[in-house]
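Chemist: Each chain is listed here by its residues.
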Amino acid sequence: MKHVLSALVQDQPGVLVRVAGMFTRRGFNIESLAVGRTHIDGYSRMTVVVSGDHSVVEQVIKQLRKILEVVSVQLLSDSPSVTRGMALLKVNAGERRSEVLKLAEVFRANVVDISEPTVTLEITGDDEKIRAFTELMAPFGIAEMVSTGQIGLKRGSATIYQFRECGYYEQNVL
Amino acid sequence: MRLSGAAIIVECLKEQGVDTVFGYPGGAILPLYDALLAAPILHVLTAHEQGAAHAADGYARASGKVGVCIATSGPGATNLVTGLAAAFMDSVPVVAITGQVPTSLLGRDAFQEVDITGITMPITKHNFIVKDVKRLAEILRYAFKIASSGRPGPVLVDVPRDVQTAHAEFTPAVPSEESNAPVPAAQAQALAQAAAAISQAERPLIVVGGGAVTAGASREIRTLAEKCRIPVVSTLMGLGAFPASHELFLGMTGMHGSKPANNAVHAADVIIAVGSRFSDRVTGDRQRYTQGKILIHIDVDPAEIHKNVDTHLGLVGNTPAIIAELAAACKAKNLAGWQAMLEKWRNEASFVYREDTLNAPWIMRHIAAQTADGSYVYVTDVGQHQMWAAQHLAIEAPRTWLTSGGLGAMGFGLPAAVGAQFGVPDKRVIHFAGDGGFKMTGAELYTAANHDLPIISIIINNNCLGMIRQLQHVFFDRRYTACALKPVDFTAFAGAFGIKAMVASSPDEFAQAFALALKTTGPVVIVANIATDDLVTPMTVPGTGVNQFVSIP
Chain P
1 MKHVLSALVQ DQPGVLVRVA GMFTRRGFNI ESLAVGRTHI DGYSRMTVVV SGDHSVVEQV
61 IKQLRKILEV VSVQLLSDSP SVTRGMALLK VNAGERRSEV LKLAEVFRAN VVDISEPTVT
121 LEITGDDEKI RAFTELMAPF GIAEMVSTGQ IGLKRGSATI YQFRECGYYE QNVL
Chain A
1001 MRLSGAAIIV ECLKEQGVDT VFGYPGGAIL PLYDALLAAP ILHVLTAHEQ GAAHAADGYA
1061 RASGKVGVCI ATSGPGATNL VTGLAAAFMD SVPVVAITGQ VPTSLLGRDA FQEVDITGIT
1121 MPITKHNFIV KDVKRLAEIL RYAFKIASSG RPGPVLVDVP RDVQTAHAEF TPAVPSEESN
1181 APVPAAQAQA LAQAAAAISQ AERPLIVVGG GAVTAGASRE IRTLAEKCRI PVVSTLMGLG
1241 AFPASHELFL GMTGMHGSKP ANNAVHAADV IIAVGSRFSD RVTGDRQRYT QGKILIHIDV
1301 DPAEIHKNVD THLGLVGNTP AIIAELAAAC KAKNLAGWQA MLEKWRNEAS FVYREDTLNA
1361 PWIMRHIAAQ TADGSYVYVT DVGQHQMWAA QHLAIEAPRT WLTSGGLGAM GFGLPAAVGA
1421 QFGVPDKRVI HFAGDGGFKM TGAELYTAAN HDLPIISIII NNNCLGMIRQ LQHVFFDRRY
1481 TACALKPVDF TAFAGAFGIK AMVASSPDEF AQAFALALKT TGPVVIVANI ATDDLVTPMT
1541 VPGTGVNQFV SIP
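So the sequences go chain by chain: P and A.
Each residue of the first sequence is one higher than the one before, counting from 1 in the working numbering.
Each residue of the second sequence is one higher than the one before, counting from 1001 in the working numbering.
It should be emphasised that the hints constitute simulated quantities derived from the structure, not laboratory data.
Check the hints yourself; a few may be wrong.
[Said to hold, decoys possible] Pairs of lysine to aspartate or glutamate, DMTMM-like flavour, derived with a Cα cap of 25 Å: (1) K62(P) to D1310(A); (2) K1307(A) to D41(P); (3) K1227(A) to E1247(A); (4) K90(P) to E58(P); (5) K1131(A) to D41(P); (6) K66(P) to E1138(A); (7) K1331(A) to D1426(A); (8) K1333(A) to E1226(A); (9) K66(P) to D1301(A); (10) K1344(A) to E1202(A); (11) K1145(A) to D11(P); (12) K1134(A) to E105(P); (13) K66(P) to D1310(A); (14) K1486(A) to D1452(A); (15) K62(P) to D1301(A); (16) K1131(A) to E58(P); (17) K1331(A) to D1269(A); (18) K1427(A) to D1373(A); (19) K1134(A) to D41(P); (20) K2(P) to E1202(A); (21) K1131(A) to E1226(A); (22) K1344(A) to E1247(A); (23) K2(P) to D126(P); (24) K1293(A) to D53(P); (25) K66(P) to D1280(A); (26) K102(P) to D113(P); (27) K66(P) to E1226(A); (28) K1307(A) to E58(P); (29) K1307(A) to D126(P); (30) K1439(A) to D1373(A); (31) K1500(A) to D1489(A); (32) K1293(A) to E105(P); (33) K62(P) to E1015(A); (34) K62(P) to D1280(A).
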């Protein structure tokens, strides 16, 4: 089973290594990990997709909370939430360019570059949508592809800041 | 006031009440050594940086204070690694300060440069590299707080050479006292459920782990045990949290646990585990361990609950307070049936101490008897002698039993004994090692001799790596390999440091040597020659039930 976790972290050097290292060391399976800045300086937010049963996720959350730079951890997948990822696909469209473009339109994928033999498409969506689109493009021949990890937020007015157990970095000492 | 980074480090150490540091100098840490020269802090020069790390660890385990070690960049820092890992596995508060190449050379593979924060990330509670002298004081204070609060652990602070020589404004600060957090109200329900489960239990049992020692929960555990007449077993790390001489104590549980203790764990219907992380050496088969029983797990670290075994009730936080509340809420019950079972196992397992030849169980019992009335700290290395000591020394008080439990680092013993002797100078340290482990860090006799430490080192000498030989004996069909050790003249070795050494090959000789050792005031070594083929019993097979004892061929 897949779970989506969101962690608010202090933007310190090495925080990504610390989090990623914890996952490898403890044998947790990460499907994707995305990191980026937030609207508040000095904080980053990580979205992690992990697979495992409920006890695994509970242990992942606890181990994340032990990392000093981790300010707050929120489980997104236990209640309605939005998750999105992005992918860029360079498709060998060749003479079938119009077919590719039609399919892209259906999936609301944007054309970001066109060359003689290829079309480069940008698609945004949840994991399943990106996978479905990738499968549709495969027969045309995918020259190369790159994708981001999933990022997500809870629906409604709830935020990760309401889940903060500790006011600031200094007190987040287990 | 405006101070250099090195002076700021010294000021921060003084602020934290540090009186002793263990270290080894090198180029990148020399500014700090220069500042230490005038400081009211004793610097103990060890023979090797690993010794400094283990010594800081032993100092912390014995005294309850934060241990401090110092090393230079590169090899100095990497030599700390085993010591930091040992402290991490056993949750010991240590602050390691390492020198680093100047910030301008970082990442250029400079002379004696290693990424020590990268290397020690998984074996420290946290670590820092300080690139701005203005943040140095704040980070050091924070390092001490992290090391000592909650579940303690080692913290490494890497300080580049130019940060030690740069200047910054320093404002003295008094470290804030740890407040004893009350039991969170959210746990009231779990606490009531736990108290009900204990009150209704037919076969309750308390398991004390290292966390019980660290949390200082001995008194509360004793109150709970005595009020409800609950028997107590201890893990290797928990020894001393509950007095071994107490009528409710059943001994050590685990791979080399006593039969009464392991049988009790298997048969119990309610287990109250205090500060144990349920290591594989304690549980054997993790699934089987909790089958058919209610497990109440009390720990300061929430991540320990459900980590290794399925817990029914987890109580997290201030351990003594939780146990005190449990004790107040629990009702005593007639446990005559349970007590009769335990009594039967106890009688079946009564140990016969052989006196015909010198053997480790007899040595341990002899030392326990000879030192029962005094203030002693017992420090072991790792291997057969460690298990014999755990089984037969009968540890009475917390922080008087120091052993590398989690990491199982051979070579831990002597440097940890050195650190412990500095940490509790009013107690005398008795150190045990095998001939194998003693050869690893025996050079720390140099440190013991330099400071005329009254450590009694007992080398249980069987001319082999005993635990390796035992595992090969039991699990590899007696195909002994790489475990035979050529005899070493340990008296000559000790003599090289100016330390008196005696050899004992019979119980009489040992008794004489030990009596003499007790009369000496400085370091002394006793080489106790025992048979090569002595085995540690009882023994369970790793990964099986705790009551599945091996019959050794």
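Chemist: None of the hints should be skipped; say for each whether it holds.
Modeler: Now for the hints, and whether the structure bears them out:
1. K62(P) to D1310(A): holds (15 Å)
2. K1307(A) to D41(P): violated (35 Å)
3. K1227(A) to E1247(A): holds (13 Å)
4. K90(P) to E58(P): Roughly 39 Å separates the two Cα atoms, so the pair is violated.
5. K1131(A) to D41(P): Holds, because 20 Å separates the two Cα atoms, which is no more than 25 Å.
6. K66(P) to E1138(A): Answer holds: K66(P) to E1138(A) is near 21 Å, not above 25 Å.
7. K1331(A) to D1426(A): It is violated: about 41 Å lies between the C-alpha atoms, which goes past 25 Å.
8. K1333(A) to E1226(A): holds (12 Å)
9. K66(P) to D1301(A): holds (9 Å)
10. K1344(A) to E1202(A): Given pair K1344(A), E1202(A) holds - Cα atoms ~17 Å apart, limit 25 Å.
11. K1145(A) to D11(P): Between K1145(A) and D11(P) the Cα gap is close to 21 Å, so the pair holds against 25 Å.
12. K1134(A) to E105(P): violated (56 Å)
13. K66(P) to D1310(A): The given pair, whose Cα atoms are some 20 Å apart, holds under the 25 Å limit.
14. K1486(A) to D1452(A): Measuring from Cα to Cα gives roughly 30 Å; hence the hint is violated.
15. K62(P) to D1301(A): holds (9 Å)
16. K1131(A) to E58(P): violated (36 Å)
17. K1331(A) to D1269(A): holds (16 Å)
18. K1427(A) to D1373(A): holds (12 Å)
19. K1134(A) to D41(P): Judged against 25 Å, a Cα distance of about 20 Å means the pair holds.
20. K2(P) to E1202(A): Cα-Cα ~41 Å, so violated.
21. K1131(A) to E1226(A): violated (54 Å)
22. K1344(A) to E1247(A): Between K1344(A) and E1247(A) the Cα gap is close to 14 Å, so the pair holds against 25 Å.
23. K2(P) to D126(P): At roughly 13 Å apart (the allowed maximum being 25 Å), D126(P) and K2(P) satisfy the hint.
24. K1293(A) to D53(P): holds (23 Å)
25. K66(P) to D1280(A): This hinted pair holds, its Cα atoms lying about 22 Å apart.
26. K102(P) to D113(P): holds (16 Å)
27. K66(P) to E1226(A): violated (35 Å)
28. K1307(A) to E58(P): Holds - the C-alpha atoms of E58(P) and K1307(A) are around 9 Å apart, at most 25 Å.
29. K1307(A) to D126(P): Not OK: K1307(A) and D126(P) at ~31 Å, beyond 25 Å, violated.
30. K1439(A) to D1373(A): violated (32 Å)
31. K1500(A) to D1489(A): holds (13 Å)
32. K1293(A) to E105(P): Between K1293(A) and E105(P) the Cα gap is close to 60 Å, so the pair fails against 25 Å, i.e. violated.
33. K62(P) to E1015(A): violated (33 Å)
34. K62(P) to D1280(A): Holds, because 20 Å separates the two Cα atoms, which is no more than 25 Å.
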